[in-house]
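Undergrad: If you want the building blocks of each chain, they are given just below.
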Amino acid sequence: MQSRPLMILLLGVALVAPMFIYPVFLAKILCFALFASAFNLLLGFAGLLSFGHAVFLGTGGYVTGWLMINSGLTPEIAIIAGTLSGGLLGAVFGKLAVKREGIYFAMVTLALAQLVFFLYLQAPFTGGEDGMQGVPRGQVFGLIDLSDNQTMYYFVLAIFVAGFWMIHRTVHSPFGQVMKAIRENESRATSLGYDVNQYKWIAFIISAALSALAGATKTLVFELASLTDVHWHMSGEVILMTLVGGVGTIFGPLVGAGVIVSMQNYLSGGELGNYLHIIMGAVFIICVLSFRSGIVGQLQKFRRNNF
Amino acid sequence: MTFQTKKVSTLITGIVAATMASASLAATDGKVKIGVLADMSGTYADLCGPGCVVATRMAIDDFGGKVLGHDIELVSADSQLKPDIASAIARKWVENEGVDTIGGLVSSAVTGAVTQVTGASKNITLITGSASNAFTTSACSPYIAHWTYNVVALANGTVKQMVESGKTKWFFITADYAFGHALEGVSSKVIKENGGEVVGSVRAPLGTTDFSSYVLQAQASGADVVALANAGNDTVNALNAAAEFGLNESMDIAGLLVFTPNAQAMDPRVAQGMRLTTGFYWDMDDQTRAWSKRFQESYGGIPSMAHAGAYSATMHYLNAVAAVGTDDADAVMAQMKKTKPDDFFARNATLRADGRMVHDMLLVEIKKPSERKTENDIYKIVKVIPGDQAYNPMIESCQF
Chain V
1 MQSRPLMILL
11 LGVALVAPMF
21 IYPVFLAKIL
31 CFALFASAFN
41 LLLGFAGLLS
51 FGHAVFLGTG
61 GYVTGWLMIN
71 SGLTPEIAII
81 AGTLSGGLLG
91 AVFGKLAVKR
101 EGIYFAMVTL
111 ALAQLVFFLY
121 LQAPFTGGED
131 GMQGVPRGQV
141 FGLIDLSDNQ
151 TMYYFVLAIF
161 VAGFWMIHRT
171 VHSPFGQVMK
181 AIRENESRAT
191 SLGYDVNQYK
201 WIAFIISAAL
211 SALAGATKTL
221 VFELASLTDV
231 HWHMSGEVIL
241 MTLVGGVGTI
251 FGPLVGAGVI
261 VSMQNYLSGG
271 ELGNYLHIIM
281 GAVFIICVLS
291 FRSGIVGQLQ
301 KFRRNNF
Chain X
1001 MTFQTKKVST
1011 LITGIVAATM
1021 ASASLAATDG
1031 KVKIGVLADM
1041 SGTYADLCGP
1051 GCVVATRMAI
1061 DDFGGKVLGH
1071 DIELVSADSQ
1081 LKPDIASAIA
1091 RKWVENEGVD
1101 TIGGLVSSAV
1111 TGAVTQVTGA
1121 SKNITLITGS
1131 ASNAFTTSAC
1141 SPYIAHWTYN
1151 VVALANGTVK
1161 QMVESGKTKW
1171 FFITADYAFG
1181 HALEGVSSKV
1191 IKENGGEVVG
1201 SVRAPLGTTD
1211 FSSYVLQAQA
1221 SGADVVALAN
1231 AGNDTVNALN
1241 AAAEFGLNES
1251 MDIAGLLVFT
1261 PNAQAMDPRV
1271 AQGMRLTTGF
1281 YWDMDDQTRA
1291 WSKRFQESYG
1301 GIPSMAHAGA
1311 YSATMHYLNA
1321 VAAVGTDDAD
1331 AVMAQMKKTK
1341 PDDFFARNAT
1351 LRADGRMVHD
1361 MLLVEIKKPS
1371 ERKTENDIYK
1381 IVKVIPGDQA
1391 YNPMIESCQF
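Protein chains in written order, with the working numbering: chain V, 1 to 307; chain X, 1001 to 1400.
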């Protein structure tokens, strides 16, 4: 697939978009696009359905937020710390979870995530239900002030591009090939001599760390880290984004995040606000019933068949 | 990189450079736009949800619909009681949609997140549904006007009166977020100052439906009074659970924050005789009855104190805008603090320098089923608590 011209085109659109659209909204889409892409790395390419991915998003956010409030570090260091903490948590959870498969894998990840959710609910440093409020955006490298929304957006875009590039590289590396082999036929991958659990574990860590990166960035954008990001609803939402966009495609999660976040944004303010969850549920059902490969998957199929 | 892509990227760089210098949206545009951010469908929807939008709309209509030569615009949104969602909506409103003032605001967690945004962007915030006293103390800002009530007024009303009557041992069932913590903290202080003691407390998450385990802990505590430091449906659910376990037969139950719609939803056999503090009761006198009747016609139910507060705050704000002839937040706020709010809701009222709106509070008792003439006839007014006795004194750092 010729993805390079498309990527450059998308980057161009992303660069000029804040001229026409509210930058904070765009930054939110980018954060969720990164989160969904990280999740898709696991579900779409390694075939592992984690049902507790919100915990990494939230952990990244809380760690970064706490550091920004209490330590006076610059945002890039705080974000790196948040990312690493997510990766570390992913290493622990992944080690336990990859011992099981299928529905049991999903349940183990959900259980561990809920454990951490209640920890965050009670721990004093997170602010419980109030959330961690008043996180300063700070100055990147001590030079670039992020308090302006446009500057913030370009900073988020840079992070997103870096994270997305990493996912792209991972998928197209020999490691990515093995991941896909495991997804297609795990026993055959084992018989070829690959240590399947080790590969799954590493994929889990990468995915967790990138999710934490998304969470850390989101916290800076909104100057707030809250329980919403750790709640299992969020784990469900990222699955929805990935499925709507197209699981196992590079661009699917981007499209999915864009569609879902826009829907939430435009519906929540209007007359249909009360029906938001019903509409989202309906979209999910339609997606699963009529175009199972998602928006991007369907487009790819269409192009293959007609051109 | 091919020639083609190089050309595209040069073009993009050029466009971006050109857009970097764009200006931000001006806040003082002479058009007044009010945003009501409330809980449209959750635990607190009956207290300050669609009703707060109706009340604000009423204030705008009564004002004449126009100020500074333009129509007054009203937008509303559902905070879903989540700080992150509320913060994002508030940010979008003030930064991108030219909203001058945000009203409604129920749940202190939500309000805390919103005031962070409006404090930085210099937009007036009319808090009418939240209880935490932090908005005029630790989290105070020159742009906050805190209407209706707060935890200090509730504790000074309900708790003090009960301790003085000999109920000295207290147990708390507390909503586990800013509001609950503040209410428990302030109430505990009042209890200790008046010679009582707190024998225990338990914290329940917002939106809990099954309170049985909390009620059993309260029952085992040996307290005289079980205080419900929560609000909305949480209070109703806790009270109903208490009734199921017969808690109300062995101990007194004190609802520290009860709104009229909740009092109506409680089983009167359990709730009768319960004393509570409120900022407003619809059936107080002719003025309140007249307003409440109009409110009821467009909303359907009787108004809560947050609804009445939303009307009063909006009216006071609009009067100030008209008086100073601008929507500049600093000038309007100065005018709001200079003039005394005076309407059916605000009795002997003043907006203090710290943003606290102080007015007379009511200590009321829930009527027995036999005493009720209509289904809306729920309170008996025990006494009027003057504002300066109910509210916390101003602190040094918050006098703007």
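Check the hints yourself; a few may be wrong.
[Said to hold, decoys possible] Here are some chain X residues pointing at chain V (derived, C-beta under 10 Å):
| id | residue |
| --- | --- |
| 1 | M1040 |
| 2 | I1085 |
| 3 | I1089 |
| 4 | S1107 |
| 5 | V1117 |
| 6 | G1166 |
| 7 | K1167 |
| 8 | A1175 |
| 9 | Y1177 |
| 10 | V1199 |
| 11 | R1203 |
| 12 | D1285 |
| 13 | D1286 |
| 14 | R1289 |
[To be verified] If you want a taste of the chain V side facing chain X, the calculated C-beta under 8 Å gives, among others:
| id | residue |
| --- | --- |
| 15 | S3 |
| 16 | F25 |
| 17 | E101 |
| 18 | D130 |
| 19 | T170 |
| 20 | L224 |
[Stated by the list, open to error] Here are the computed distance ranges between Cβ atoms for each label pair:
| id | chain 1 | residue 1 | chain 2 | residue 2 | range |
| --- | --- | --- | --- | --- | --- |
| 21 | V | F291 | X | N1096 | 27 to 35 Å |
| 22 | X | V1382 | V | I80 | 43 to 51 Å |
| 23 | X | G1185 | V | I21 | 42 to 50 Å |
Simulated from the structure, these hints should not be mistaken for laboratory data. C-beta atoms are modelled at their ideal positions from N, C-alpha and C, and glycine is treated no differently.
Undergrad: Can you name, in rising order, the numbers of the hints this structure does not satisfy?
TA: 6, 7, 10, 12, 13, 14, 15, 17, 19, 22
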